[in-house]
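Student: Using the hints provided, position chain V relative to the given structure of chain L.
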Amino acid sequence: MARVTTAVAGRPAGPAARRGSGLIGEYLPAAVVFIAAIGLWEAFVFGFNIQFYLLPAPHVIVQAFRDNAAVLVGVGLYTFKEALAGYALGCGLGVLAAMASSRSPAFADLVLPYAIASASVPIIALAPLAIVWFGVAQGSKIAIVTLMTFFPTFISTVRGLLSVQPQSLELMRSYAAGEWQTFVKLRLPASLPYMFNAFKVGTTLSMIGAVVSEFFGGPERSLGVYISSKAALFRTREAWAAILIACALGLSFYLVVVLVERLVMPWHASTRKT
Amino acid sequence: MNGPIIEVRDVGKVFGRGAGVTHALEGTSLAIEPGEFISIIGPSGCGKSTLLRIVGDLVEPSSGAVTIKGKSPHQARLDRDYGIVFQTPVLYEWRTVLRNVELPLEVMGRPRSEWHGRAETMLQLVGLQAFQQHYPWQLSGGMQQRVAIARALVFNPSILLMDEPFGALDELTRERLNLELLSIWSQTSATVLFITHSISEAVFLSSRVMVMSPRPGRIERTVTIDLPRPRTAHTRATPRFFDLVTKVREGLREDPAVAAGRDVVEEGA
Chain L
126 MARVTTAVAG RPAGPAARRG SGLIGEYLPA AVVFIAAIGL WEAFVFGFNI
176 QFYLLPAPHV IVQAFRDNAA VLVGVGLYTF KEALAGYALG CGLGVLAAMA
226 SSRSPAFADL VLPYAIASAS VPIIALAPLA IVWFGVAQGS KIAIVTLMTF
276 FPTFISTVRG LLSVQPQSLE LMRSYAAGEW QTFVKLRLPA SLPYMFNAFK
326 VGTTLSMIGA VVSEFFGGPE RSLGVYISSK AALFRTREAW AAILIACALG
376 LSFYLVVVLV ERLVMPWHAS TRKT
Chain V
12 MNGPIIEVRD VGKVFGRGAG VTHALEGTSL AIEPGEFISI IGPSGCGKST
62 LLRIVGDLVE PSSGAVTIKG KSPHQARLDR DYGIVFQTPV LYEWRTVLRN
112 VELPLEVMGR PRSEWHGRAE TMLQLVGLQA FQQHYPWQLS GGMQQRVAIA
162 RALVFNPSIL LMDEPFGALD ELTRERLNLE LLSIWSQTSA TVLFITHSIS
212 EAVFLSSRVM VMSPRPGRIE RTVTIDLPRP RTAHTRATPR FFDLVTKVRE
262 GLREDPAVAA GRDVVEEGA
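As given, the protein sequences belong to chains L and V, one line each in that order. Going by our numbering, the first residue of the first sequence is number 126, and it counts up by one from there. Going by our numbering, the first residue of the second sequence is number 12, and it counts up by one from there.
Just so you know, the hints here were simulated from the structure itself, not pulled from any lab data. All values derive from a computational prediction rather than experimental measurement. C-beta: ideal position from N, C-alpha, C; glycine also.
Taking beta-carbon pairs under 7 Å as the criterion, some of the chain V residues facing chain L (in silico):
#, residue
1, L69
2, R88
3, L89
4, I95
5, F97
6, V101
7, E104
8, W105
9, P115
10, V118
11, Y146
Pulled out of the complex, with its shape left as it was, chain L reads as follows:
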């Protein structure tokens, strides 16, 4: 047994052992930077005597948030639901379309350039048209978010599914594995890192898509309309408070997806360090 233990001497037993410790150390610098930035912001506003309607100090924004918490959470969740629905549709359809088209690498090569071109189109520019097509309510916003998240997911997933090492495929071939088995046991897990990259980018895109779509028209109780109407009235502290909740929702969404990623891929390089 000696020969076995020497090979990895000094290495911790598993991924679990290396996480946990140093969690504070890992996030401390970021926390310090955050607090310093808030402090600088406060100092800037007071030091240069900036009018609050131009740029409210952080504590004013927090105050405005407290005063309007119920309304803000309401509009925030309303818009987040659009983002979430569009995200689920866009990611889901993106993965499905990628699975279908990667069955034939030649077909995937054919559609990929168009998908990349579509992904670089500012889809948000379609938001006014989406209102014409799907109405002023949540439907048009969900449609925009779906489009915005679809293309990155599709592109990444196709790349992931086609990125499988030839020898990994040969191994499956040597087992006389069927196409379905090769897909489930090799292609799909091998493409998970690519998919999660798109899923992570998609969280941000979906919040942007939903809020900006609402700028072009939406119900009173949506985040985008709330921000634009408050800004139009120079009630910037409320607008900022709404931006704050948009940030909080977007960030939480992102972190949840990162958490899911870690649970689904405990083996992946991105979770090895720390």
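Tutor: Showing chain V alone in chain L's frame:
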């Protein structure tokens, strides 16, 4: 079934066409008896890996015929007659060591109840039972290749195809794995077809060493290795070992044109 378990008759392989054509193999014949440990040695690019891949039905030959247990390589692959080990471990990084070894059993639809036990036994055989729950990246290169060997043998194939399995490892690790491979092999009844470019490795492991010439690849001579078994680290220090290494080396150095004049082709060709 009597007779050779693997028979290669007059196999040729041509890659590309027109000006870019490469004759990887030409007129290659060999016969391997059940339970033999055969090494094919030759310089890089002599087509030895191509030969192994033809036997494994991963590549189609351009000419000639291969029979495995009296069947076509295609049928042999469908019958899961062989396990294969590549130069790189080709472990699936999302699976733990244990689950990597279980993979063939899963794919082949063996009863779920036997996966764990069989995989565990194989890991014990390669000395990695303590690393079952590790992921491949947590293992050294030599350990990863041991997992690949365990995976190749877990479903009890009658043939083990090894394509320069230790080529990427350092000399010390390679020699240790050579010893381990022999001890594993002695516990199975598998016939081994082993590709290598290391003379001492080929001599140490094999019952016969086949020397290939490059472009077009063909088997120039066969050296029967009569070193007694079990072979140990000491075997490498015996005069007979040196004699055989020299013999193989001479075979490799020979002018292909001269060697072709007295072609050593296997029985059954």
